[in-house]
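Could you build the full structure based on these sequences and the hints that come with them?
In this note's numbering, the protein residues as written are 21 to 236.
If you're looking for bench data, these hints aren't it; they were derived computationally from the structure.
Remember, predicted model here, so these are calculated numbers, not experimental data.
Any given hint could turn out to be false.
Lysine-lysine pairs mimicking DSSO-like chemistry, simulated, CA-CA at most 27 Å apart [claimed, not checked]:
id : residue 1 : residue 2
1  : K92       : K147
2  : K70       : K92
3  : K26       : K70
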Amino acid sequence: MDPIQKTTALIFAVTIVLIITRKFSTVGFSLLGVIAMVVAGVMTDIEAFKFVDVHLLVILVSIWIIAGYFGKTGIPEYLGDLSLRLSRGNIPLFVTLVGVIAGFISMFVNNVVVVLMLAPVITSINKSYGFKATGPILFIGLCSNFMGTALLLGDLPPQMLHSVTGIEFLGFIWQAGRPSSFPILTAVYLLVCYFFYLGFRRSELSRCVPDDEAPR
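Printed below as a string of structure tokens:
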């Protein structure tokens, strides 16, 4: 490697290590890394600004605005209530349905926001049925993280893929005359959720009953 490449690799490695330590703002460390690149002569300040994808920033801001209003509509609570009614008090099925819903919502809303919106649905039910909410909430997080990559809007990786390759929204559904990532991920996702449901049926969740039906 030439000196510029070695300098770039060193700055990049140090920046990543600092970000992992989380002793300061990750954004701050990232900016320091960019400044170090400019000072070291790896790139100019103009080139650094050209690496900023304004379209990606607009998408992120738009998603957070939509998520903020979506959380106030009462739709997450309604979906949780609908899942409970469809499951007829079957908690393993209820948790699986909420996870499936979380996955599909996260295709259009940031996955972290999805967890924040649907976790209260689980905690409100676990008080009545007496089960630990940790596992179901982790399941919701896994579901939203999994399906967040299925389309362009849900998570940062597909947005970065769009930024680098130029792939558009429909490209995640159909690409080069064949099914793209969305149908494949959806099929795998539903299969994984089914296996989780089987696991929930063998856990303490299968023995949960409402407090007013519990033996005294």
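Hints and how they fare:
Among the hinted pairs, K92 with K147 is consistent with the structure: their alpha-carbon atoms are about 23 Å apart, no more than 27 Å. Taking the CA atoms of K70 and K92, the gap is about 37 Å. The hint is violated against a cut of 27 Å. Under the criterion of a C-alpha separation no larger than 27 Å, the hint pairing K26 with K70 is consistent with the structure, at around 22 Å.
When the structure is compared with the earlier hints, a violation turns up for hint 2 alone.
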